[in-house]
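All residue numbers for the sequence shown refer to numbering that gives the first Met the number 0, where the first residue is 0 and numbers rise by one.
If you are wondering where the hints come from, they were derived from the structure by calculation, not from laboratory data. Treat the hints with care, since some could be wrong.
[Said to hold, decoys possible] Label-pair restraints from in silico Cβ distances: (1) Gly159 - Glu84: 29 to 37 Å; (2) Met71 - Val161: 13 to 21 Å; (3) Tyr112 - Arg176: 41 to 49 Å; (4) Arg176 - Arg83: 32 to 40 Å; (5) Gly154 - Ser20: 32 to 40 Å; (6) Val161 - Val85: 53 to 61 Å; (7) Ser20 - Asp136: 25 to 33 Å; (8) Ile32 - Gly174: 22 to 30 Å; (9) Arg172 - Tyr112: 35 to 43 Å; (10) Gln88 - Gly159: 43 to 51 Å.
Each residue gets a CB set at the ideal place from its N, CA and C atoms; glycine is no exception.
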Amino acid sequence: MALSLAVSGCAHHSTPYQPISSANRVAGGYSDIQISEDRYRVSFAGNRLTSREQVETYLLFRAAELTLEKGMDWFAIEDRVVEREVERQVRPDPLYDPWFGTYYGSWRPYWSYYGPRTGWRRWYPYYGHSFWTTHVDIREVERYEATAEIRVGSGAMPDGSVRAFNAREVVTRLGPRVEHPGDR
Numbered sequence: 000m001a002l003s004l005a006v007s008g009c010a011h012h013s014t015p016y017q018p019i020s021s022a023n024r025v026a027g028g029y030s031d032i033q034i035s036e037d038r039y040r041v042s043f044a045g046n047r048l049t050s051r052e053q054v055e056t057y058l059l060f061r062a063a064e065l066t067l068e069k070g071m072d073w074f075a076i077e078d079r080v081v082e083r084e085v086e087r088q089v090r091p092d093p094l095y096d097p098w099f100g101t102y103y104g105s106w107r108p109y110w111s112y113y114g115p116r117t118g119w120r121r122w123y124p125y126y127g128h129s130f131w132t133t134h135v136d137i138r139e140v141e142r143y144e145a146t147a148e149i150r151v152g153s154g155a156m157p158d159g160s161v162r163a164f165n166a167r168e169v170v171t172r173l174g175p176r177v178e179h180p181g182d183r
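Model the full assembly from the supplied sequences, consistent with the hints where possible.
As structure tokens, this is what we get:
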């Protein structure tokens, strides 16, 4: 019982800042690949509880962290894409079962309710009345993944580029907003 609570508890958190791996307790994370001497493709994928803002923040943080790991001072975003995946989940309402007859003998449920135009009415689940007739739970689940191609460099940043960032400054500013797996 305690193990199931511990395992289910971690599934209800947004994706922390972590490398993407099937061994992670929470889905999602960052990945990067070198595509030329000074260019990298950096990605961050969030789970269904991770906001678009958090995904983009972690992407920038990873780009800055990678730049510093490579011994460079700045990075410039050459191309950036944010993908939004929407999954519609339709599930039957687990609490709705109008067929009580076999379980409870001849007892049948009904509800009385008052409508301002109709007065008192009764609803029986067998008649398909408009009151409470949709017995499904419908949810839209959104997931975001941000990908950027970055160019890294050292020394002076490119002149006039609004897409160039000082890596140390980005790490300093975004660091307090970054949640690592052990922070919970």
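Consistency of the hints with the structure:
1. Our hint of 29 to 37 Å for glycine 159 and glutamate 84 holds, since their Cβ atoms are close to 36 Å apart.
2. Checked against the hint of 13 to 21 Å, the pair methionine 71 and valine 161 passes, with Cβ atoms roughly 19 Å apart.
3. At roughly 48 Å, the beta-carbon separation of tyrosine 112 and arginine 176 lies within the given 41 to 49 Å, and the hint holds.
4. A beta carbon spacing of about 21 Å between arginine 176 and arginine 83 contradicts the range 32 to 40 Å that was offered as a hint.
5. At roughly 34 Å, the beta carbons of glycine 154 and serine 20 sit within the given window of 32 to 40 Å.
6. The given range of 53 to 61 Å is broken by valine 161 and valine 85, whose C-beta atoms sit roughly 31 Å from each other.
7. With their beta carbons about 31 Å apart, serine 20 and aspartate 136 fall inside the hinted range of 25 to 33 Å.
8. Checked against the given bound of 22 to 30 Å, the beta carbons of isoleucine 32 and glycine 174, roughly 24 Å apart, stay inside it.
9. Between arginine 172 and tyrosine 112 the beta carbons are some 55 Å apart, a value that contradicts the proposed interval 35 to 43 Å.
10. Between glutamine 88 and glycine 159 the CB atoms are about 47 Å apart, so this pair conforms to the stated range of 43 to 51 Å.
Violated hints for the displayed structure, listed by number in ascending order: 4, 6 and 9.
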